[in-house]
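Based on these hints, arrange chain B on the given structure of chain A.
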Amino acid sequence: MVGAVGTHGPVLGPQASLFLDVLLLGAAVVLLFTDRRLTVPSATVLFALVAACAAGRVATADLPNVQPVSVMVLLAGATMGARRGVAFAVLVTMLSNAVLGDGVWTIFQAVGWALMAFAGSKLDLIDEDGALLLGRSTTLTAALAIPFGALTTLSVLGPDVGMAALPALLWSGLPFDVAHALGNVVLMLWAGPSIVRWMTLREVGDPMTITGLEADASLV
Amino acid sequence: MNRLLLLLLLVLWLPGASADISVHVPGGYVSTAPVVLDDVVLVRSSGTFDGNNPPAVFAYGQEGLEVWRVVGPSTVQPDMAELVVAPAGEADCGSWPRTLVVAWSSGRLDGLNPADGSVFWSIQTEVEGWGLTATPVLTPSSLVQVTRDGIEQRCLADGALLARTDLGPGWRNPAIVVNGTAYVGDEASNVWAWSIGNANATSVPAAGRIRHAPLPLAGGLLVHAQQDAGSVVEWYPLASNGTLTTPSAVHRLPRGNAPGMPVALGTHGAVIADSSGLLHLAWTPEGWDTTPLDTRSVNGPLRVEAGLLLGSENHAEGGFLVLDVASWNARSIHGPLGFGTAPPVHCGDALLLVKDEGTMVVLGEHVSGCPLSPVTVEVDRTPAVWSLSILAAYLVGAAAWKRKGVVHGAKWASPFLLLALVLVLPQLGAWWSHLGPSTAPDDVWNPAWPSSWEGGQVVVFELPSGRVAIGGLPEATTVLEATMAAAVELNLTLTVEQHSLGPWVTAVDGVEGRGWVVDVDGRLLTIGAAQGALSTEAVVVWRPA
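Going down the list, the sequences are from chains A and B. Counting in our numbering, the first sequence runs from 28 upward without gaps. Counting in our numbering, the second sequence runs from 354 upward without gaps.
Looking at chain A on its own, in the form it has when it is part of the complex (with noise of 0.2 Å):
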């Protein structure tokens, strides 16, 4: 949405720029070291996905509007969990931004990909097998597209543009809102169930604690 505008809102001085780093990167810190679950293979994995992700979306930065992190951070949520999925989503905003540019806007946008990576964490998303549940999860990350784009908007606003152009600019940005979900569907549709493969980390034993047969077969 803001794409269209021509402008994304205030950017940051170097000292409000770190203040607002230090405050994503804290929060990401602690809901992950609050995360019991969290094992270092898991984390291992978690910032090998941040960082493809981020790449993803740098690399998508031309497309209006076309977000690859909104389906990510929706499938972090179904598979780690709301505080690995909301740490995922605060991270690939911050180091994606470091590339597109930092400013008020990246509070808006790491809010709105972790409501995205919450609501993928309470929403079932993946079955009971572990397979993701296509036809829903498409559907929600192209629902969501629109709040985000309309969450998002808010960062425009500022001493110089005011409530009254909120409509405006609300209505201005629904086609590219439209792209933003048409872009997840995409994405979900044949990026889907491999992200999931990707996310799921197999619970398996210390192949070096098991002797004989079991030990070969955990490592294969």
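Any given hint could be a false lead.
Unchecked claim - To give an idea of the chain A side of the interface with chain B (calculated C-beta under 8 Å), a few residues:
#, residue
1, P91
2, L178
3, P202
To be verified - Far from chain B, some chain A residues (derived; all Cβ distances over 10 Å):
#, residue
4, D62
5, V93
6, V212
Everything labelled a hint here was simulated from the structure, so no lab data went into it. From the three backbone atoms N, C-alpha and C, an ideal C-beta is built for every residue, glycine too.
Below, chain B alone, put in the same frame as chain A:
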């Protein structure tokens, strides 16, 4: 099916192929430089020695299509006089329109209409083995033509003879006119001075045959004379009344075979060429300061144009010389190879190259400003692509739905729909925003603005240093167009970056701030500036975000 669609899409997306433009000039050798004139390129070719092809002058237009041609009398001598275009003018003998002057080796001298090749006038000069091989020379009021054995002043209105005198036999020996005196060399090793209109010319002996126009330099004339073996550069001081004196001994410089036609660089510098290469000469009272520039063989004219020294390398594998005059660095260019004497000529933002064998090439991709450039019509393929994408989405989606259900159908249809939406989004966004709610204030007109701006478009920039406004500009159709015009008028720099949604103004007069927003008639523009349509009385206000 999918492969077919993919192939179709790829074809539609392919950028237009670009290649050098080339034209084959019929006939014999092309030894003279083409002339770029308005919307045509003029070039001449000699007749073939077997007499099957007469010499001719051709005019080529867009995409190298022949616009007109004028055929000259058949001879077995090459036509080596450059084409000359005389601007419209008048003198005591009459007035004339812009005229293309063509000197033929058959001895004919033509004044042609460069627009269509029609003949304004045509006269015949004497022939002894050959006729005219020297390039015509223009003076403010007449034409000076070196003939086979003399020199003539003619009226440009009708070619009528105004004055004439005999000289020695000549070959490709144009004159140079300085303060009313024509200087010319000949095949009998003389340098002549003719005060135009006098009955007789005077001469001093030269070191060899002179096949170029003497070069005015440092109050004298530089001559590069050809000898049976090698050549000699000489400098002839001119007396205060313009008469020639004996050549300066300290400026005598032996050089290689087959000299080309030298070119002056400033008042005291020149570049000469021969089979041993190019040499820069700087005149000093004690002699020449010499700087070797290149070892390639150049036997034709040198040309200085747009800061480049240009020449043609004259041997079987010869290319072209393009040297930067400021640094003398050679630029590498890839054009036709072979014998040739015609130097490259600028044609728009490209170089026009031609060798003896007659293939004329415009060197460069995406050439603009050259008459030979093809007509470029920008075709917006976006509608075709998004239309096809929607069609593909329907076909592929429906087939997939039928086979495996609705999710599978959506999976196959969605990428095509996304492609269509991304392509159409800028236009869709502009259209959609106009349907939306408005927050426009009642009146955006500032009473302090001049009344002459009323009824037109006004552009305002709210800079940190204050508010600046301009009105009365030519009507613009988009916000960006009006903004750029206003910035030019107000002498403000505008930084515009390309974005997927179109151009994006990121700074005004170097001020980036937190970004810039724009109001049109008091309403925040929520689409790109290039998409924002303007009414004839719009007020555009750029302000920091």
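Violated hints, by number in ascending order, as checked against the structure:
Structure breaks hints 2, 5, 6.
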